[in-house]
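Asker: These protein sequence lines are chains A and B, in that order.
When you line the first sequence up against my numbering, it's residues 34 to 268, in that order.
When you line the second sequence up against my numbering, it's residues 34 to 268, in that order.
It is worth saying that the hints were derived from the structure and are not from the lab.
All clues given are correct.
To list a few chain B residues with every Cβ distance to chain A over 12 Å, as calculated: (1) His-115; (2) Gly-210; (3) Glu-223; (4) Asp-225; (5) Arg-235; (6) Phe-254.
Stretches of chain A that chain B covers, calculated by requiring three or more beta carbons in the stretch to come under 8 Å of a beta carbon on chain B: (7) 75-89; (8) 100-107; (9) 124-134; (10) 148-154; (11) 160-168; (12) 172-181.
All C-beta atoms in this analysis are idealised placements derived from N, C-alpha and C, irrespective of residue type, glycine included.
2 protein chains.
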Amino acid sequence: MRYELHYWPMIQGRGEYVRLALEEAGADYVDVARGSRGMAAMDRLMEGKGTKTPPFAPPFLVAGKQVIGQTANILLYLGARHGLAPKAEPGRLWVHQLQLTIADFVGEIHDTHHPLGPSLYYEDQVPEAKKRSVDFRKARAPKYLDYFEGLVKQNGPYLTGRRLTYADLSLFQIVEGLRYAFPKAMKKIEKDIPRIVELHDRVAERPNIRAYLASERRIPFNEEGIFRCYPALDG
Amino acid sequence: MRYELHYWPMIQGRGEYVRLALEEAGADYVDVARGSRGMAAMDRLMEGKGTKTPPFAPPFLVAGKQVIGQTANILLYLGARHGLAPKAEPGRLWVHQLQLTIADFVGEIHDTHHPLGPSLYYEDQVPEAKKRSVDFRKARAPKYLDYFEGLVKQNGPYLTGRRLTYADLSLFQIVEGLRYAFPKAMKKIEKDIPRIVELHDRVAERPNIRAYLASERRIPFNEEGIFRCYPALDG
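Isolated chain A (complex conformation):
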């Protein structure tokens, strides 16, 4: 079965967590909206044409007859099929719990440049973004990262033990993104999270991930995505 991933074609965004899982799994997939007429196909499904389970927003995955929305939910589906999560329920829920915590973190990262909400441009909320980013750099980012650092310390080398899960791929992406968006702050923070840095490097060296990162399928970071390099927000 060839999966169809539907997501905004110009950004990594939330779709990237799904792309990383598909790539690590070596799954057959097409990144629909990056092809011709792909945006129209994405819109049709969101309008509920051809599906009884229309998603509220991208990303979503078409898997045979199923249309599956919400990043963490897609990963829950893929994890079970591609060895990216334990099969037994307790382990499966634990990995999903970590992914949902990463999703909360991603939401807070997004809000650093959009504290007044998604309807206004960043340029219309710069003073507020600066305020929110101070708290993010000093309190929130260290709090999330310390939590994950503690888990890698307890379980290592990956978040839940010896085997890689989709949550590790997502944590890799968090490190990549924070380095891009907050290079100054991240340089300081990384001193306190050596195990996460090591996990990041370990993921980057996995053959499928390394090949993906070097390919054109990996969209470069830019100022339309979740992680944006705005020096004004980096202190």
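We have chain A already, so just place chain B on it with the hints.
Answerer: For chain B alone, kept in the frame of chain A given last:
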């Protein structure tokens, strides 16, 4: 098995979505932090004492030897056990997808009074909260609610069909909360979402929910929770 729910004892908050599911199911549970020494028990688990799966934040559920965090993840677990979600995977993922969309909505509701982040008090971010709330009332809340209204119209009387799921209980809570927090705005919005209002009323009349709402187990809304009645934010 008696479940232990761990959540802040003074607010409905995110714990309320779990409470509603436990109550509808008639499950045996104790709301730990509302009892004596309950907060200490909650803190211990969050520090990883006595569990290998410490949650990042409340709510979390202790079910036998499992400690399960993240609201939607807890509902995924409970739904399968208590007839609050389909057993087959496609239906299970669909209900979970809706719950995760509700979780995104809840995040945006929280941000109306905390646009600069969770570390500052509301009183320290009133101008920003007013700005964010305008967009919330005019764009974001209607967008989410229209999506759910469309699903009830398509599938009704509940979100996914004839059978109640935990996502319906959560949507009930959304209506309750928005009426409390944004009474003026909600009065206008409700004209466009008659099916959600009907779903809300249907949930409220279910015997277990009705009994719960009338009991002292239901904590009243207040200005410490997700839904806060700040007239300045209601336009």
